[in-house]
Amino acid sequence: MSKAILTDVTKCIGCLKCVSACKEIHHLGADVPRVWDKNDGLSAENWTSIIAKPENHYVRKQCRHCLEPACVSVCPVGAMHKTELGPVVYDSSKCLGCRYCMMACPFGIPRYEWDKAVPHVEKCIMCYDRIEEGKQPACTEACPENATIFGDRSDLLKIAHTRIKENPHKYIDRVWGENEVGGTSVLYVSDINLDFLTYPTKNFDTPLPEETVAALDSVPYAFLGMGGVMLGLNWIIRRRMKLGGGPNKKDGDSHE
Amino acid sequence: MNRVKTTKLLLWLFAGFAAAVALNRYIFGLGVTTNLNDQTPWGFWIGFDVMAGVALAAGGFVTTAIFYMIKREEFHPLVKPAVLTAFLGYVAVIVGLLFDLGLPWNIWHMIIYWNPHSPLFEVGWCVMLYTTVLLLEFSPVPLEESSRYAKIRNFLMRFRFPLVLLGIMLSTLHQSSLGTLFLIMPARLYPLWYSHILPIEFFISAVALGLMMVAFETLLSHWLYRREPETELVGKLCKIATWVLGTYFVVKMTDLALTGKIGMIFNGSWLSDLFIVEILISTLIPAALFAVGKLRRNSTAQWIGSAMVIVGLVMNRIDVGGFAMVGGAASYTPSWMEIAISLGIVSAAILVFLLVVEHFHIWEIRPEDPQSLPEVSPSFDYSSRTWLGTPDVSSLATHSLAFVLSFAVGMAALSGKRLHAEGVDSIVVRPATGVDTLCINGNRDNQFVEFPHEAHIAWIKTHAVSLTIDGVIDSISATKEDSCTFCHHFNLPGERLSNCWECHTSMYSRVDFFRHDWHTSARGANLKCDDCHTPGVTRTAESAKQCAACHPAYKFAVNTNLAKPAFYIPSYVDAMHELCVACHKAEVKEVKGKPELALCTSCHKTGTPPELRAGMKWKVSVPHYDNVVLPNVSTVEK
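Residue numbers (the working numbering), protein chains in the order written: chain D, 1 to 256; chain E, 1 to 638.
Source of the hints: derived by calculation from the structure; they are not laboratory data.
Using N, Cα and C, we set each Cβ at its ideal position, and we do this for glycine too.
Each hint should be verified, as a subset may be incorrect.
Which stretches of chain E does chain D cover? Using the computed rule of at least three CB atoms under 8 angstroms from a CB of chain D, they are [unchecked claim]:
{"id": "1", "region": "63 to 74"}
{"id": "2", "region": "422 to 435"}
{"id": "3", "region": "597 to 603"}
Isolated chain E, as found in the complex (with noise of 0.2 angstroms):
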């Protein structure tokens, strides 16, 4: 099997399901991409792709001053892909922050409206300054494919010094600053992760994952390339990461025990014990594993090894960034949609990385899978004379269908349901109860309404009102005579005087009264299109045959917006709110003693109904239009 195309095809899946996800996000925002709330407004995103992505990459700046600045000649092998991790890891953050901005196209806001006091405004500009740095570092590589660029190769060189100094002092500020960022949050972060010293720690982590991410992406390429594994060259950098996870782990218990919170270790809760985890995962266990010179020059155990303190730092990333927040764990939990964009951000970082790798002078040899290499005759480049012809690993077609076939799954794995990103759980509204007092309670909680209906029937009856709602209803009035209709402004096809919910049928959100599917299906009104279009003209609401055309029976009592393209009508709450405050405003302007009648409480109950405490069992369901008298369309005029 081979192996390079497999991993690239998996890649592929998840950056095409990931496109997806990300039409989402844009179209209808970050409220129903992800499971963020106003409890905990940074979540997997900030944790993983922006501060565990910062650190991750951290491996530049780390190899470069272990080979340029310590001139430690033997990782030079490591030079090279780890400065191009890096600088694809800073990408893969700024695409990530592009998704986790509420406002993306103003991320270069940062450039020219300054504020120094912001450990974040801080990190920005290192960000966006290290990132250059990066890629003026590794931009002599692609460029010494051709000779043409040989001037510009060998200016960059002449700053390859000053570069690789200024990209680690820069990352040494942002790198600490990512945990400068917590500190204004005593309150908020769990004792046993807030610390004064944070930015010291996270400086240390950093430094300590990128060293095992250099080796992990060492052991990884080369496993997938079938290549020699340099073990006795990733040992050292275990044996380096020992050193510095020591060191972390001695900072950070120094740092509980002279705070005094070193007991809360232990205290049984559950963010004690996912710290724990995190310091055995992240810290322990690799630098005990590490701190035996056999095992640290076995590859199983580097696998191992650095697996564990990557994904026992990330986690800590993500625990820093809302997860051992008060209340961040129990209010949130990452959903599929934010892990399926951080999946296709790494994937696509992962795909560039090979595709650069393959195509430039990155390592010694031109990397390519043995087992399927087909005879291909040796070509000629002058640039990198001893590499061999074009190596079988892509797959054009292959790819291209994976990535299609994965955005399509994803396309359909959204609910697409406009509701859903307005964060209203949809709601069927419940009828009110009583008989003189209605006790209006639309979703059954221990808030209701007591509404005197009988006193408002008399009341209409002893005045004459006309009343006009902004937007919903040009105007309603009332006679003596015909009280009822004031309220009750619309009859359904049957009925005299129709309910608020049997229209009115969503507590929160709006609802499209007019039910188009109901009207085409077979077991409903059974129409044909052509009964309510006129053939030949564009089919829309504006259009089509009015509602009384075949209704006949329908009543409306007041004018209002159904005649309009839309036919929404106001959720319940909207409804009643629409109506009772308009009339009780306009009474209170009227007449001066009733000042009562415009607060909220003075038809808000709070408590048990009368109702319920009797005992009484709601009638839940009230079919809709069950009464309707269906014209026989036949006979309608066309």
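If we strip away everything but chain D, and leave its shape as in the complex, we get (with noise of 0.2 angstroms):
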């Protein structure tokens, strides 16, 4: 029982609803360009924002809540977290502000307080508590066209393939968030290429965390391994010493 949402780029007219929902809901503060702002209108106090594209295309970008997400993944006290509902909450209480989430985002989503000397990383949650209540997000409440709509991940991922089939030459045959790194549970139907959302890669459909998982498995080998190797070196040296007499028999402390 995956949640998710469906933005239909085709539909979406920019009117910016769905971003002052989201502000309002989440009391996010005044929108005040900052110098490290990416040119995305994402920042901590922006969840999310809207893209112009050109042919008045807006592109709607906010945290795609992975379904194998590299942010949870990272996150060494585990701070980032997917839940069960599907949106990808963070604890602020756990967080000791290591960025690595920031850095593992393929999307590059999570934001940083840079201005607080108490900074915590800011993102969409999919307004969590609201869907635990059984309610909608803000964003897709507040959208007047439905070009972003909520639901079950499987329910809209039929519905977003429906649209396709039925306009086939309106839009591009492909879903956004389908497959990409493993899934995601923010989904777009679009006529327009949306490559733009997320860092460009080559190895597009496998979940992020899978990179590090040989690398992981192989640490108490390596361990060990290392530990063994080092020994049987040691033991070996000092085989020698002692049958060719040499030159002493202390116990690698010589230096006494």
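Mind docking these for me? Both chains are given alone in their own frames, and the hints should help you get the complex.
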């Protein structure tokens, strides 16, 4: 029962109502351009933004709530958490501020409160508290055109494919978020290419946490292996010294 | 000249300067101290302090492996300094992390909140454990100073071999895991640096870097204390390093060739050039240098070679840690404050190293600077019988002074502006243009607001309205006769309807409306303190005379918060939003048929405003308070 958001770029009119609704519900501060902003409209005070593209195309950018999120896998204290309902939420009380989540996110979503002496990571949480109560996120509720809708991921995928099938000339035959990095909980259908939302990557469809699995799995072997190699070397060398009547038989403590 | 004292003087200067910057970091946050941003959240501190720091401290485990495990007894003189360097190195890494982490007081959370899927979790634990191991490995040295601790020392000595073994095993893990950190960023890290065997590359290069660090540190400390250089021994280190560097190069190139990225080295881009330089400095040139037996035993070549490896591999860590990221170099260059902090941490670590070396039995001979050594009577210490009296290697007064002075210089160099810390560029608002329909574009970008002024007047003339804006304006109201003051809520002296931008002068940051300095300056109002503040009472904004006392012409159209202690008024953007949006929202609620009034896009337009198209010149500056009618101070009632 994983929840998701489907955004239809062809329907968006760029009214920014989702942005204001988000700001209001999460009590995000005034929008001030800062020197550390990335130029996609997202900031610690803006969890979703509208990117204007040529010919009246408006693309909403927000956290994609990956099915296998990189941010969750890298956080050393587990401050990022993928809930069963779908949203990836952040626990500021655990966070130690290493910003690894910001580095690992393939969509470059998490933002930092660089101006604060006690800074936290800020990103869309898909209105987790509202979803738990059975309501829908503020942004989808605010959308006047139903360009961005909320529902079960499987249902939304069906809707997305139906829309593409019914209007094959209008849409590009692809649901963004269906397979990228193992699938995301924020889906897009569009008549323009949306690859600008992510960093370019070759192995696009594998979940990013899998990249580190091999290395992390070999950790115990490397640990014990190195110990074994060292002990083995030490044993051989000591034995050689003994047999050859080596210069000393002190136990690695010859500076006494 | 006393080399030791001069070096220490420099180090104290760096440390003092960094201490001042450190205050800035903890009081105002990362934004003002670093150039880090949302595009490049990891920068110089992670690259240099943490990643390069850990690799530089690899000398500890490499030397102990050579000495204790492979039993190359001739390296004995290097073991204690190498372990000390490693320990101080790891402490420096942790201190560096305390600066880089956003919430450094939560660093211990790694102990109680576990996420074993995170490479950083593994690195964190390894670093914690290894630092402890290093402390235990090294502590017999200070403990030997007194026979009182003999028992503890003997106890620790018994566990020396397993400790060393554990240290090597832990080092293997985290030296390589630092590379694992970046495996999850195949899209962000430039392909020349990204590799699935990054952990292996990191481990091999750490071994090389550790060896060269030990060599460099030996050369440096021998130069510092004018001791006989151990060229022979360092030469042996260089020989091992040649092999390690060779392996590193072969592994790296093979990997690039197998993944088909080798062509990228020569594609002429900025990053590929950086890669070539890095490989040349860190690997090829030093390996070639040390491959020649004669050069390897030449101390000048040793200096150059080891320094090159250190610079090159530190560069490698900084590149991987943020510089060679997509958009990394374009959006980020370290700020002077970042560099000052790193320099300060390194300086402090070296100072502690020198302190320990001078006071404990690290070397066979107690260090001194023979050229400046005064005649001292030898003192006999039971634990170190051969050592001479206190060497002339420190100067408390000079070094304290250096620290304090550079701390002061550091404080002076900080901007101290709150605005700076908020990351807001100070933009002076420029006036709106047009007559009946105003074009509001305070920062003159290509977005503006079309404001039908006449239409608004007409609307207010037919309505009687009152409005409350939370926290800003208690209430404003307009009657049908007086439509202007609804928006023009405040008049400057001598003016009837002051424009928005005359008081809300800054685009995005709040401004101090009351200009205290102007009132006190001789070229301004030239007032004395007692003209506004009551003598004998603490001078605060509350106890001072209110504006209207001197400015009878001031018209407070509304009860604004001007009388409150801080005379801060919202930025231009906030002021406009608060007034316009509040009214629009109220109107949307009242009149159902006008939903578009609540839309951002109903007022905000993109493109070149019509006035600009006509080639009209913007009049930029509206001099502030030009038309103030100053009251005659002497006649104002006291």
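Status of the hints after comparison with the structure:
| no. | hint | result |
| --- | --- | --- |
| 1 | 63 to 74 | holds (count 7) |
| 2 | 422 to 435 | holds (count 4) |
| 3 | 597 to 603 | holds (count 3) |
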